[in-house]
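Enquirer: Residue numbers (my numbering), protein chains in the order written: chain A, 1 to 328; chain B, 1 to 326; chain C, 1 to 351.
Source of the hints: derived by calculation from the structure; they are not laboratory data. The model shown is predicted, which means the values in this text are computed figures rather than measured ones. Heads up, a few of these hints could be off.
Claimed, not checked - In the DMTMM-like style, the derived pairs of lysine to aspartate or glutamate whose C-alpha atoms are separated by at most 25 Å in a straight line are:
{"id": "1", "chain 1": "A", "residue 1": "110", "chain 2": "B", "residue 2": "313"}
{"id": "2", "chain 1": "A", "residue 1": "63", "chain 2": "B", "residue 2": "313"}
{"id": "3", "chain 1": "B", "residue 1": "46", "chain 2": "C", "residue 2": "192"}
{"id": "4", "chain 1": "A", "residue 1": "127", "chain 2": "A", "residue 2": "139"}
{"id": "5", "chain 1": "A", "residue 1": "110", "chain 2": "B", "residue 2": "218"}
{"id": "6", "chain 1": "B", "residue 1": "191", "chain 2": "B", "residue 2": "32"}
{"id": "7", "chain 1": "B", "residue 1": "276", "chain 2": "B", "residue 2": "131"}
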Amino acid sequence: MTEEQPVLEIRDLRVTFPTESGNVQAVRGVDVTVGPGEMLGVVGESGSGKSVTFLAAMGLLPKTAKIEGSVKVHGQELVDVHNNQMRSQRGKKISMIFQDPLSALNPTHKIGHQVSEMLRSHNEMSKAQAWERSVELLDIVGIPQPRTRASQYPHEFSGGMRQRVMIAIAIANDPDVLIADEPTTALDVTVQAQILDVIQDIQHRFHAGVVFITHDLGVVARIADRVQVMYAGRTVERGQVDDIFRHPTHPYTRGLLASLPALGRERLTPIPGAPPNMLRPPSGCAFRPRCPFAQEICAGEIPPLRPLLGLETACVRAEELLVTEGVA
Amino acid sequence: MARFVSRRLLWTIPTLFVITFLVFIAIRIGTDPVQSYLRINPRASKAKIQQYKDKNGLNGSMVSQYFSWLHHFVTFNWGRSIKGNRPVWPELKAAMANTLVLGLLATAIGLVIGLAIGILSAMRPRSVFDEGATTAAFVGISIPPYVSAILLQLFFAITLTRWLGLSKPVLPTSGIYPPGHKGFDPVLRAKYLILPITVVAIQIIAVYSRYMRASLLEVKNSDYLRTARAKGISEKRILVRHALRNALIPIVTVAAIDIGAIIGGLIITERIFQNKGMGDFFLTAYTNGDFPQLMPWMVFVVLGVILANLLADVLYAVLDPRIRLD
Amino acid sequence: MTEIDNSTDLELDTTEAHPDQIAHAIETNTDADLTGLTLRDESEGVGGESLSPFRLALRHYRRNRTAMISLVILVLMVFLCLFPSIPARYGEGERLPKTATTYIYSPPSKAAWFGTDDLNRDLYSRVFYGGQVSILIGIAVAIIACTAGTIVGALAGYRGGRLDDILMRITDIFLAFPILVSLLVLRNVLAELPVFSTVMGDKSSVRFMVLLLSAVGWMAVARIVRGVVLSLKEREFIEASRSVGASGRRIMFKHLIPNAMGPIMVSMSLSVVGAILAESTLSFFGYGPNPGAGRTTWGLLIAQSKNTVLSGYWWLVVFPCAFLVITVVCINFVGDGLRDAFDPKADMSRA
Numbered sequence: 001m002t003e004e005q006p007v008l009e010i011r012d013l014r015v016t017f018p019t020e021s022g023n024v025q026a027v028r029g030v031d032v033t034v035g036p037g038e039m040l041g042v043v044g045e046s047g048s049g050k051s052v053t054f055l056a057a058m059g060l061l062p063k064t065a066k067i068e069g070s071v072k073v074h075g076q077e078l079v080d081v082h083n084n085q086m087r088s089q090r091g092k093k094i095s096m097i098f099q100d101p102l103s104a105l106n107p108t109h110k111i112g113h114q115v116s117e118m119l120r121s122h123n124e125m126s127k128a129q130a131w132e133r134s135v136e137l138l139d140i141v142g143i144p145q146p147r148t149r150a151s152q153y154p155h156e157f158s159g160g161m162r163q164r165v166m167i168a169i170a171i172a173n174d175p176d177v178l179i180a181d182e183p184t185t186a187l188d189v190t191v192q193a194q195i196l197d198v199i200q201d202i203q204h205r206f207h208a209g210v211v212f213i214t215h216d217l218g219v220v221a222r223i224a225d226r227v228q229v230m231y232a233g234r235t236v237e238r239g240q241v242d243d244i245f246r247h248p249t250h251p252y253t254r255g256l257l258a259s260l261p262a263l264g265r266e267r268l269t270p271i272p273g274a275p276p277n278m279l280r281p282p283s284g285c286a287f288r289p290r291c292p293f294a295q296e297i298c299a300g301e302i303p304p305l306r307p308l309l310g311l312e313t314a315c316v317r318a319e320e321l322l323v324t325e326g327v328a
Numbered sequence: 001m002a003r004f005v006s007r008r009l010l011w012t013i014p015t016l017f018v019i020t021f022l023v024f025i026a027i028r029i030g031t032d033p034v035q036s037y038l039r040i041n042p043r044a045s046k047a048k049i050q051q052y053k054d055k056n057g058l059n060g061s062m063v064s065q066y067f068s069w070l071h072h073f074v075t076f077n078w079g080r081s082i083k084g085n086r087p088v089w090p091e092l093k094a095a096m097a098n099t100l101v102l103g104l105l106a107t108a109i110g111l112v113i114g115l116a117i118g119i120l121s122a123m124r125p126r127s128v129f130d131e132g133a134t135t136a137a138f139v140g141i142s143i144p145p146y147v148s149a150i151l152l153q154l155f156f157a158i159t160l161t162r163w164l165g166l167s168k169p170v171l172p173t174s175g176i177y178p179p180g181h182k183g184f185d186p187v188l189r190a191k192y193l194i195l196p197i198t199v200v201a202i203q204i205i206a207v208y209s210r211y212m213r214a215s216l217l218e219v220k221n222s223d224y225l226r227t228a229r230a231k232g233i234s235e236k237r238i239l240v241r242h243a244l245r246n247a248l249i250p251i252v253t254v255a256a257i258d259i260g261a262i263i264g265g266l267i268i269t270e271r272i273f274q275n276k277g278m279g280d281f282f283l284t285a286y287t288n289g290d291f292p293q294l295m296p297w298m299v300f301v302v303l304g305v306i307l308a309n310l311l312a313d314v315l316y317a318v319l320d321p322r323i324r325l326d
Numbered sequence: 001m002t003e004i005d006n007s008t009d010l011e012l013d014t015t016e017a018h019p020d021q022i023a024h025a026i027e028t029n030t031d032a033d034l035t036g037l038t039l040r041d042e043s044e045g046v047g048g049e050s051l052s053p054f055r056l057a058l059r060h061y062r063r064n065r066t067a068m069i070s071l072v073i074l075v076l077m078v079f080l081c082l083f084p085s086i087p088a089r090y091g092e093g094e095r096l097p098k099t100a101t102t103y104i105y106s107p108p109s110k111a112a113w114f115g116t117d118d119l120n121r122d123l124y125s126r127v128f129y130g131g132q133v134s135i136l137i138g139i140a141v142a143i144i145a146c147t148a149g150t151i152v153g154a155l156a157g158y159r160g161g162r163l164d165d166i167l168m169r170i171t172d173i174f175l176a177f178p179i180l181v182s183l184l185v186l187r188n189v190l191a192e193l194p195v196f197s198t199v200m201g202d203k204s205s206v207r208f209m210v211l212l213l214s215a216v217g218w219m220a221v222a223r224i225v226r227g228v229v230l231s232l233k234e235r236e237f238i239e240a241s242r243s244v245g246a247s248g249r250r251i252m253f254k255h256l257i258p259n260a261m262g263p264i265m266v267s268m269s270l271s272v273v274g275a276i277l278a279e280s281t282l283s284f285f286g287y288g289p290n291p292g293a294g295r296t297t298w299g300l301l302i303a304q305s306k307n308t309v310l311s312g313y314w315w316l317v318v319f320p321c322a323f324l325v326i327t328v329v330c331i332n333f334v335g336d337g338l339r340d341a342f343d344p345k346a347d348m349s350r351a
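If we strip away everything but chain A, and leave its shape as in the complex, we get:
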């Protein structure tokens, strides 16, 4: 954490979706803090609420979603705010890139136009000026021959190039917060590395706070400064990258690390069971049904995050386990 004011502050966010069968509690009380120039890796399985949290921050959830809590970007509250105000912040102070760059770009608009649109919706700019700036931005994200390419269409670009375009769009207005929702999941491994470089470059060049959402711990290890692990709509562990990887304290985090393929590891040990039904999440610690160390105490109150060994953990038995199981 830096001394400067955090660019993104989420406090006690709760998101519920009403459905035919009841209310899905996608996010059940999540806090997030991101400082300027810092990269936060958010890790979790499908259903953990990791994407929903930040979609809510962007105001991109369906209108049927119930959102409670606070989201502040550079001190400006975004929950319970009028739509027009939200719109003026979106794309300007906080922007987002998504998983599948092919479907995320409008197939009938030129690339340059799609970047220009971002510029002109938040700045007074002529078409020509916006176009010029778009070409510059395409250059910044590493697209070769940006001027020619700007007149082309998404289907003429490769996956990696398209994702760079998405990044160019996202940074067009120099946002304080950039949210990357699984940006490399749909790309080849070799291209992944390039995109990660681009994002890191952006992080440092623009001094933006970056949230990198992923299920891939390897990526997190490589580029994140801090890590936040989510499960069943809550944060279960949080801290500096090195601390989390060296001595994870929550059984879920340990499980995730143990299930990574690694040299020397003969067998993969996946986490048994399946993510919980968010209609009726288990009482107490939601990881309880799959946790090898679960005991009665885990079924009590929902465990809050508390500091331990320099990071924060939500396992009530964390200290015990450190002793009995040793550091993972």
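With chain A's structure known, arrange chains B and C on it following the hints.
Expert: Using the frame of chain A, we list chains B and C on its own:
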């Protein structure tokens, strides 16, 4: 693009050959011109019949008959109708004009209304408006044009007149102008067009409101709309520049084809409302077995369809950059 | 609660979605799954049993109010028309005795609920008798056209190559012309050619009409089925069948066609509608079937009424039209409900 178009136009010629040949055979078999001639002139002598046959190239095999017809056709020697012995072209031309007026107007009106309804439906799926519009569209599709035509005629000619105690119907229910009228009077013309346009427009509105709704709903699910929203641009811009821009592509191409089908497609409406267009022309010619009238008519219809398809393909390529014309 | 001004929003509505799907959909960033979410993915029944696609479709269909109501009305209508002696009050060609309220062209009265026609026959009864012929024609055409169309379409789609090309060419040409034109021209051709006329009978017979309509109707069905087969062909389960050695015919019948049931059912309903409407249109212009002395069809009833429109005998027009339209509307709703039940993501409003 130019290459594509010229290639397609070139292809039109052999296509026309094949299709007109098949059509010729079909009509020739089904509508023997000699029979029709005899029906009109039952006491024609053998010599006269032979003379008729010679003049119209009706001797020899089917294939040779086709070629003699073809020869006549391309040299603009379209002969005269069997019944009434009138030149074919002037009547056909007038019929074409009438159909185009009725068809294009009805299509324009129908598309505007239909697409608007479809858009509104898609923006509020499963709302009262949407359910109502869907039901109305279904009913519209289910009512055959002749039913709506007759019911409208009944209503305007009889019922409304009786209710309002008028001596003359509120809206004319047949013809293009009042009998005996000469010259061009746009207001009068319009009045006579109201009912037939309504009948045609009902079909168009019903069909296109559903298309638009479906197409827009599909686009609504697209990721690029979310990206657009993430840019913070206004909902209106998202609707027009992003959603509609993409949703209209399939609609435009289908509309192009439908417009091509207008040429021969208004048979029922034209007949019921005594609107002497292409459809009415066909029906009369068919009833009379009037071969010289039927063939040119067919050619025009086929030409219309082929050109409309070409237009649709071109439009598709223009509107969707992903489509490459070879 | 986020307050949003949404008068023109294209936002999504999750209230009919399954909870797991929402979570999953949002997590994998595919809003595509949020609308069009269906009962189908909830493939566990209430007691947790697994439901076959048919039972799933049935359950989904039952929830569709409009489709259910239409089905009920349709069944009632078909039943009453197929057994017209039940609802009819008089015989089909029976002329009523001339009274103060029932005379030639008399308006609806207690004795003749729908009025009488030019021979003082009860229109109400004749509407049911006429319906019998119209509906039977529709069903017959649907069966023939769909069977032929499905087989040809499936073969063309699966085998591809020459057969497919020929099929597409032929149907392209036919479907390029307005249907009425195709029907009328074909009518003459089939009536003249001795080859066909022996099979089909006289051109004013009901048999002729059924065969004529089927001859044009199978094409639309073939194209739909071909399309479905083409898309199914690429799916993995076909590969899997082939890899265990299943023969082409077996694949076609056991796998492709059952999976195409949704579109096939839709084409059946569209065929019935098409046939009923085509018969009535042809009859309207005098080219329809003549079902025999005193007998009638809906098309004939309407055709006979058209000359009397200007005389104001509205009942002759309105009642047969109403029955025709109601039947067609119900078939359309049922067909749409079926399509929706089998695969809500496909929109086949144009066959």
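Enquirer: Hint by hint, say whether it matches the structure.
Expert: Hints, one by one, checked against the model:
no. : hint             : result
1   : 110(A) to 313(B) : holds, 21 Å
2   : 63(A) to 313(B)  : violated, 39 Å
3   : 46(B) to 192(C)  : holds, 23 Å
4   : 127(A) to 139(A) : holds, 18 Å
5   : 110(A) to 218(B) : holds, 21 Å
6   : 191(B) to 32(B)  : violated, 40 Å
7   : 276(B) to 131(B) : violated, 38 Å
Comparing the model with each earlier hint shows violations of hints 2, 6, 7; every other hint is respected.
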